[in-house]
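Chemist: Starting from the known structure of chain A, fit chain B onto it as the hints suggest.
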Amino acid sequence: MSGQPALTGRSSALPRSLGVQNQVLFVLVIVAGAAVACSGFVGDAPNRLISGRPIPLWFAVDLRMTASIAVLGAALSVACLVPQSRPLHWAVAALAGALLMLVLAAAGQAASFLTQSGRPGSRISLGPTFWVLTAGASLALSDAMQRVGAGIVAQILAVTGIAASVALLAVGGAFDALSLAREFEIRRQVFADAVMRHMALVGASVGIAAAIGFPLGVATARRPGLQNPVFAVLNILQTIPSIALFGLLILPLSGLVTAMPRLAQYGIGGIGVTPAIIALVLYALLPVVRNTSVGLTGADSAVIEAGRGMGMSPGRIFREIELPLALPVLLAGLRIVVVQAIGLAVVAALIGAGGLGTFVFEGLGQYAVDLVLLGALPAIFLALAADFILQTLTAMLRVRSA
Amino acid sequence: MIEIAEVTKYYGDRRVVDHLSLTVPDGDFCVLLGSSGCGKSTTLKMINRLIAADVGTIRIAGEDIATVPAEALRRRIGYAIQSIGLFPHWTVEDNIATVPRLLKWPRERRRDRVAELLKLFRLEPAIYRAKYPHELSGGEQQRVGVARALAADPELLLMDEPFGAVDPITRDDLQAELAHIHRETKKTIVFVTHDIEEALRLATQIAVMQDGRIAQLGTPLDILEHPASDFVADFVGRQGIGLKLLSVRRVADRMRPGETGDGEPISADTSLRDALSAMTTRRTDRLSVRDSTGRTIGAIALADLVR
Numbered sequence: 001m002s003g004q005p006a007l008t009g010r011s012s013a014l015p016r017s018l019g020v021q022n023q024v025l026f027v028l029v030i031v032a033g034a035a036v037a038c039s040g041f042v043g044d045a046p047n048r049l050i051s052g053r054p055i056p057l058w059f060a061v062d063l064r065m066t067a068s069i070a071v072l073g074a075a076l077s078v079a080c081l082v083p084q085s086r087p088l089h090w091a092v093a094a095l096a097g098a099l100l101m102l103v104l105a106a107a108g109q110a111a112s113f114l115t116q117s118g119r120p121g122s123r124i125s126l127g128p129t130f131w132v133l134t135a136g137a138s139l140a141l142s143d144a145m146q147r148v149g150a151g152i153v154a155q156i157l158a159v160t161g162i163a164a165s166v167a168l169l170a171v172g173g174a175f176d177a178l179s180l181a182r183e184f185e186i187r188r189q190v191f192a193d194a195v196m197r198h199m200a201l202v203g204a205s206v207g208i209a210a211a212i213g214f215p216l217g218v219a220t221a222r223r224p225g226l227q228n229p230v231f232a233v234l235n236i237l238q239t240i241p242s243i244a245l246f247g248l249l250i251l252p253l254s255g256l257v258t259a260m261p262r263l264a265q266y267g268i269g270g271i272g273v274t275p276a277i278i279a280l281v282l283y284a285l286l287p288v289v290r291n292t293s294v295g296l297t298g299a300d301s302a303v304i305e306a307g308r309g310m311g312m313s314p315g316r317i318f319r320e321i322e323l324p325l326a327l328p329v330l331l332a333g334l335r336i337v338v339v340q341a342i343g344l345a346v347v348a349a350l351i352g353a354g355g356l357g358t359f360v361f362e363g364l365g366q367y368a369v370d371l372v373l374l375g376a377l378p379a380i381f382l383a384l385a386a387d388f389i390l391q392t393l394t395a396m397l398r399v400r401s402a
Numbered sequence: 403m404i405e406i407a408e409v410t411k412y413y414g415d416r417r418v419v420d421h422l423s424l425t426v427p428d429g430d431f432c433v434l435l436g437s438s439g440c441g442k443s444t445t446l447k448m449i450n451r452l453i454a455a456d457v458g459t460i461r462i463a464g465e466d467i468a469t470v471p472a473e474a475l476r477r478r479i480g481y482a483i484q485s486i487g488l489f490p491h492w493t494v495e496d497n498i499a500t501v502p503r504l505l506k507w508p509r510e511r512r513r514d515r516v517a518e519l520l521k522l523f524r525l526e527p528a529i530y531r532a533k534y535p536h537e538l539s540g541g542e543q544q545r546v547g548v549a550r551a552l553a554a555d556p557e558l559l560l561m562d563e564p565f566g567a568v569d570p571i572t573r574d575d576l577q578a579e580l581a582h583i584h585r586e587t588k589k590t591i592v593f594v595t596h597d598i599e600e601a602l603r604l605a606t607q608i609a610v611m612q613d614g615r616i617a618q619l620g621t622p623l624d625i626l627e628h629p630a631s632d633f634v635a636d637f638v639g640r641q642g643i644g645l646k647l648l649s650v651r652r653v654a655d656r657m658r659p660g661e662t663g664d665g666e667p668i669s670a671d672t673s674l675r676d677a678l679s680a681m682t683t684r685r686t687d688r689l690s691v692r693d694s695t696g697r698t699i700g701a702i703a704l705a706d707l708v709r
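Order-wise, the sequence lines are chains A and B. Numbered by this note's numbering, the letters in the first sequence go through residues 1 to 402 in order. Numbered by this note's numbering, the letters in the second sequence go through residues 403 to 709 in order.
For the record, the hints were derived by calculation from the structure and aren't laboratory data. We treat Cβ as the ideally placed atom computed from N, Cα and C, and that holds for glycine.
Ranges between beta-carbon positions, derived for each pair:
#1 Ala454(B) <-> Gln227(A): 19 to 29 angstroms
#2 Gln641(B) <-> Ser301(A): 34 to 44 angstroms
#3 Ala454(B) <-> Ser301(A): 10 to 20 angstroms
#4 Arg684(B) <-> Leu397(A): 53 to 63 angstroms
#5 Pro570(B) <-> Ile236(A): 52 to 62 angstroms
#6 Pro229(A) <-> Asp575(B): 44 to 54 angstroms
#7 Leu237(A) <-> Glu465(B): 48 to 58 angstroms
#8 Phe381(A) <-> Asp569(B): 46 to 56 angstroms
#9 Lys521(B) <-> Arg223(A): 43 to 53 angstroms
#10 Asp569(B) <-> Ala98(A): 47 to 57 angstroms
#11 Glu518(B) <-> Ala163(A): 45 to 55 angstroms
#12 Leu237(A) <-> Pro570(B): 51 to 61 angstroms
#13 Tyr412(B) <-> Arg316(A): 22 to 32 angstroms
#14 Leu397(A) <-> Asp574(B): 35 to 45 angstroms
Pulled from the structure, derived: some chain A residues nowhere near chain B, Cβ distances all over 12 angstroms:
#15 Phe26
#16 Pro128
#17 Ser242
#18 Ile278
#19 Leu331
#20 Thr394
The following block holds chain A by itself, in its conformation from the complex:
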């Protein structure tokens, strides 16, 4: 990025010179081009247990679709070679967004096209080319948005626009023929329950972690002597591998329930939701406590002295000065914790906590990639959505109190 202005400067002096003006876009275009040329856009398998035969893009979709994708790809390759400017970045953002939509539509078209023409019962799964193109288009879009210096509003519009278009395509049945959609179709009700359970796990653990971590963070900010012992313990917790922690909790909790059988009535047990939430809370504590502590100690001491000198009470200084000033850092901590918990909760399915991880482990057991994706994709989507919402909130706060 730092080399960009110099390159632009040179190119304005020599407008004819053809060089790579946007390295990020250049790499993305090369990788995407290679993926289209060398790997399958979708896989065609006679049943879910056999891995599919790769089918390249141009055999999977009709000529119009292939041509449209090729034209967009060509336009993007030109865009990384000509002198860069703000309008060009906007154009790249629009092209990348269009490419993303087109690739998604192409996947749906390929599936319905191949299932109609192929053997009955054959399964069309998404291939490497699809993933590389989707990832490439998304990266190009976000890179272009960053280069324009798009504000919060533009970013919200872009993200909601894309999400709405994908939802519209899905509701319209564009993806129905894909094997992923078929796995979903069979498990429609189970899927909805799993998503709700996943969000409940995350919500409960983040809520409890905040309730414990926030006062602990305030305490460490007030008494620097507490910082070493508290952070030592939390750091050690953070280093325990998640699967190990889930496993380690089974024994003491089962022992507890054996000793006090009444606890079982409340759903507490060695496996299931209880150890999952405990483990998620333990992992969430470090970011919550650390960010609370850093946020509160970050306030300028002169500001606090001025508040005291004018006769503000300690409680008022905390509520009206320290807390609002620490809020962006607190929200950043919350963001880390939510995203981390959404990912870790997938693993919690291993000890019977339910959630999206159920599909992942079921799919791993059956060697059914589509089932793994049915668990993994919504988890990724949830994490991205939570990250985006909290990041936007933080940015809005920073703008107000810069």
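Modeler: Same frame as chain A, now just chain B:
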């Protein structure tokens, strides 16, 4: 009136303030002058109980401050510091209205007071009241800081090197504004600085401090003409003493009433040093003098400066 009687403060075994007694009459501008570590800031902060005195009593208007709740006491005393400490997430208006809000003034009264203070510091209320501190220059921030200290019309104003961090030209403006405000409002001000020029310019009374004690207490002229010890003489500076003397005397002291001089008249409040400067730049040895209403009331000649 502030009466500080036999006050001592220990930091560990070190006596940072040592049996210090000082009386500041109402309407006085008292400057605590000294090098860093002499106990001047500690003394100031004991007056609003940001630091508790270990021994001795401090009375404000006859009332022992130890008997008043600290927060109630501080709301009666304006406080401005070098690092200003404006609340970065509040507008200029909210910052200035901090103490009035603590005192539960009605909204209308707070608004009017903020506008009045912004005008006093030559900041247009329509432009400045909704700005955030990071949108202001250093000088504007310090003006808002002092306006905030004055907001609830306190009986007493404590200032801890308030102009230490601004550039010399802005500092000059701010000093002139503060001197003007002191003359207008007759507030009692206790002001901490290590800058002898600033002290001479602003003070009606200077307390030169050394090792937690007052080495000399007197008017600026006293301190310059009759330093009580070698320490004081060294501190106020033996070099350029003549110019410093000129800077503490006013044109009004040496003026020839009824006579007239050349060119644009200068104010009777001007220091003799500034008068000398004006004569030098205008290449004249005689200037007209006006009063605060702009009426010409006399003249001053070069010879009058050295009389």
